[in-house]
Amino acid sequence: MSGTFGKGHHLHLIDGSAFIFRAYHALPPLTRKSDGLPIGAVAGFCNMLHRYVEGNTGPDAPTHVAVIFDKGSHTFRNDMYDKYKANREAMPEDLRPQIPLTRTATEAFNIACKEKEGFEADDIIATLAVQARAAGGRCTIISSDKDLMQLVGGGVEMLDAMKNKSIDRDGVFEKFGVYPDRVVDVQALAGDSVDNVPGAPGIGIKTAALLINEYGDLDALLERAGEIKQPKRRQTLIDHADQIRLSRDLVKLDENTPLDFTLDDLEVRDPDADQLLGFLAEMEFRTLSKRVAEVLGKEAPTIAEAPVAADAPVAADVPFDAELYEHVSDTAALQAWIDRIYEFGYVAVDTETTGLDDMVAQLVGISLCVEPGKACYIPLIHKARGSDDLFGSDDLAEGQIPTEEALRLLTPMLEDPSILKIGQNMKYDSKIFAQLGINVAPIDDTMLLSYAMHAGLHGHGMDTLSERYLSHTPIPIKPLLGTGKSAITFDKVPLADAVKYAAEDADITLRLWQLFKPQLHRVGVTKVYETLERPLVPVLAAMERSGVKVDRDTLSRMSNAFAQKMAGLEDEIYELAGRKFNVGSPKQLGEILFDEMGLEGGKKGKTGAYATGADVLEDLATEHDLPARVLDWRQLSKLKSTYTDALQDHINPDTGRVHTSYSIAGASTGRLASTDPNLQNIPIRSEEGRRIREAFVAEPGKALVALDYSQIELRILAHIANIPELKQAFQDGIDIHALTASEMFGVPLDEMTSDVRRQAKAINFGVIYGISGFGLARNLRIPRAEAQGFIDRYFERFPGIRTYMNDTKAFAKEHGFVQTLFGRKIHTPEISAKGPRAGFAQRAAINAPIQGTAADVIRRAMIRMPHAIKDLPATMLLQVHDELLFEVEKGAEDDLIAAARQVMENAADPVVKLDVKLDVDAGVGASWAEAH
DNA sequence: GACATCACG
DNA sequence: GACGTACGTGATGTCC
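In our numbering, the protein residues as written are 873 to 1804.
Simulated from the structure, these hints should not be mistaken for laboratory data.
Hints may contain errors.
Using C-beta positions, here's what the derived DEER-type ranges look like [as the list claims (entries may be wrong)]:
1. 1783 x 1742: 14 to 24 Å
2. 1743 x 1369: 49 to 59 Å
3. 1607 x 1655: 19 to 29 Å
4. 1435 x 1470: 52 to 62 Å
5. 929 x 1089: 33 to 43 Å
6. 1234 x 1074: 49 to 59 Å
7. 1414 x 1281: 24 to 34 Å
8. 1767 x 1193: 55 to 65 Å
9. 1738 x 879: 57 to 67 Å
10. 1417 x 1767: 19 to 29 Å
11. 1086 x 1417: 47 to 57 Å
12. 1228 x 1414: 14 to 24 Å
13. 1630 x 1234: 45 to 55 Å
Calculated pairs, DSBU-like style, for lysine-lysine (alpha carbon to alpha carbon, straight line, at most 30 Å) [stated by the list, open to error]:
14. 1037 x 879
15. 955 x 1124
16. 1035 x 1785
17. 1389 x 1035
A virtual CB, placed ideally from N, CA and C, is assigned to each residue, including glycine.
Please work from the sequences and hints to get the whole structure.
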């Protein structure tokens, strides 16, 4: 399309400074290999331009486009107000030389590049947008700068390229509470701390919008300021009227910037392949050159591989050699290591201990590494071999620094805020040090780096990572410790072996860190790692060390009661079966039920054994008493073995409390997992099981407080899939399952029966899991066709759900991962598999953003919690996915609930603005049963 | 160590 | 049209 710009034309205006700023902060400080020129921002800028150009296909593609830049630091606004943008930070040194290169880049892409001395880019954009509107064409401003929102409307809209979200008049209203024509008035009142626009003191956007909407516009408001009821607000407006008018002039964009070009000069042009590829080659952008060349159908330019600096060894260059590891046996050698650590500013640390339970294990030795291949082990309490070679004596081996002495030297370094301590699963090591009163900080964790980048692809244990990323199989621990009863602890491992094994772990950790850390940016998960993973480590360490008090007598009494009941049931079962057998053996039970007794419905699984799961037995229970008895027996057996018995063994003899361990990198979705023991699956659904929670108690003088998010996953679904009815119901506090039932079946809310509600509830949950007719039918025990009918009606009523499911599957197929609202990536490698695996992967992909976002939310709450409750006599003890359990001194319960609820309900802010509020329910009691 | 089962969100 | 089918976990007991 050509001719004079007008109807049918579509102008894109890109806010160049915003692109540069974003590119600069999104990428690590890259430099051009050949000469060290800082190039990160240019690289990011080019990537964004390329992506932009590639994304511009289809009927909505622009006919005209320009990138608009700021020029010069002095504009007419500085003449109006000398403090305008006065508290802007200076441009970073390494960004300055890149600015002109972004102009060159724009021209290399053959996109119009415009700027004007004395004017901000915003003014040029305003002028062009107004011209485009006047000519009857459309204009899209690619920026998220709120100052540009005053231009929206009448064919002008904005596009946030990062979020790929367009902002129209309603979007502006959402942001400012007024439509675009009054945005300037609101900004004039609210001011802007970034640009140093003064505004009216004490008035923010909300109040400003309120006032403008009440009085019509700013002039009317200032004229009638005397009518304002609130005395403080009235006085502010009267006193600062001039300042407010000045602010309006500052934020009002100049729509009449004199320009020496017209819209027609901005017509979209094809890039000149040679020019573009030439520029990219000059910048030495290998990957982008290749990508662009592919699109243009050209050969990628060859870019000479610059020699890697000799003094920067990378992991791949240094072979693993355990013989080179150093045994640090005296303080002089240790001091030399500490000195080296201070030279580098970081160190990989690993502790060796007497066991895997970090609440009990004792420190045996410490290994350190600052450069690949150069690591040491500092043994502390290794035992000397006894005369009979059987470690009969308690004597320490030679060549060890006394623990106290070594820690005296190491502690300042471990606690030094300027020295980064790198570990693999640092929560373990920091807990070991915490036992000794040493507070290790700051930390980096290779396990969590991997988790942030590779969740869903593979595990994140050191052996896995070493083999995958370093092509090196670590020395196995088993031959050193042995197995079973004859296994020894690490302090009995001979020093020569211990040095090799232990130092290698630090070596591997350092190499992984060197490899992973720069990749974080590239994978785009720096924020995830920095805000959701790393800060959680000390929080969890503290919770685990606190533990929760569990009353042994309560458990013991329950255990005896269960045993008695089970014995009674066993007698009945043998009677009904006609013989004795092992009730706990599904295999034997299946044979009894289906072969000997000849009951119908025996189905064999893959392994050829009959299925005897609860669902099968429940069906059989209508026909026969035996399956019902077995179900009862199984419930008791589960409660006894897993809870009343095993839990007692987990009571720490020193603290009298149970200390679980949370794995941060276990669940692919971002959820935590609790192990040894698992305190996230303590019974609650059955009345009998629920009583186990009576054993979880507060110390005398204290109470337990439980706070849990109400329906968090459904709220997140309502937001992500954008379902207006569900969002409204949550805002209004309406029973969401009843609402769903009402919408689907046309039953008014006040006539809802519990059965219809129950069905709707199953559907709501099913949706979160990637529903299927079969699955819903089985869950509700209704015919499959009927279940499918429900699902069809649900999708019809809430079409956004189907769109979400389809979009998510498509996204996973295209990218190989899905994302939470906070940017956590969950990889879905099997999404394109054949057969049933694809189905699994698709449902997991649908579920992951929902479950994962909820997990992110509570992580954020937990990370903020210590600060929020620091002045209260309270401790955070447990997390159960959507619940936090606290122990608090009596009298402070309400204060704690208020503080913790505040943090939990606002945990998504300010990164994610949820369309639904988050509600938190709270309970207090002497036991977990009472508090829930 | 695999499998079945069942506890939780 | 057949196939297999609700998401994410951990602990326990049986059986080979």
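- Which of the numbered hints above does this structure break? Number 4 - this is the single hint that the structure violates.
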